[in-house]
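S.K.: Sequence:
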Amino acid sequence: MCLGIPGRIVKIDDAAKRLATVDVSGIKRQVNIACIVDDANPPESCVGTWVLVHVGFAMSRIDETEAAETLKILHELGEAQAEMEAMRASGLR
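Position 51 (the sequence shown) corresponds to 51 in the working numbering; numbering is contiguous.
Certain hints may be false.
Unchecked claim - Label pairs and their computed distance ranges (CB to CB):
no. : residue 1 : residue 2 : range
1   : 85        : 40        : 43 to 49 Å
2   : 40        : 90        : 52 to 58 Å
3   : 72        : 28        : 16 to 22 Å
4   : 83        : 42        : 42 to 48 Å
5   : 84        : 35        : 17 to 23 Å
6   : 45        : 80        : 23 to 29 Å
7   : 44        : 89        : 19 to 25 Å
Calculated from the structure, these hints are not laboratory results. Values in this document were obtained by computation on a predicted structure and should not be read as measured data. Using N, Cα and C, we set each Cβ at its ideal position, and we do this for glycine too.
Please take these sequences and the hints and turn them into a complete structure.
M.R.: Written as C-alpha cells, this is what we have:
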C-alpha cells in the first residue's frame, strides 16, 4: 500500500532539476515535482499547490479541502495507533 502525505509547496528550489520545498504539517522538506509539472503547469506555478507526497516525490495535485480531510484522518489514525500501543504496553489484549 502506498501512503501519500498532503503537503503544500512553499518554494521552488531548482526549477531545472524539478525540486521544491514542501510544508507537511509544519515540517519542510525538499521533494521532486517532476510528476506534477508540464508545459501548462511549469515549476514556478506550483508554489501554493497542495500535493500528495510519497518517498520524496509530489505524486499528484490535490485541493485544499482534500488535503485537510486527509491530514485529519492521518492524525486520527495516529491517535488510534498510540492507544493500541498503550493497551499492548499495559498487557491488555
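S.K.: Each hint: holds or not?
M.R.: A quick look at each hint next to the structure:
Under the hint 43 to 49 Å, the C-beta atoms of residue 85 and residue 40, about 46 Å apart, fit the expected range. With their beta carbons about 55 Å apart, residue 40 and residue 90 fall inside the hinted range of 52 to 58 Å. In this structure the supplied range 16 to 22 Å holds for residue 72 paired with residue 28, their Cβ-Cβ distance being about 21 Å. Checked against the given bound of 42 to 48 Å, the beta carbons of residue 83 and residue 42, roughly 45 Å apart, stay inside it.
Judged by the Cβ atoms, the range 17 to 23 Å given for residue 84 and residue 35 is violated: they are separated by roughly 34 Å. Residue 45 and residue 80 have their C-beta atoms about 37 Å apart, which leaves the hinted 23 to 29 Å range violated. Distance hint check: the CB atoms of residue 44 and residue 89 are about 49 Å apart, inconsistent with the given range 19 to 25 Å.
Taken one by one, the earlier hints fail for this structure at numbers 5, 6, 7, listed in ascending order.
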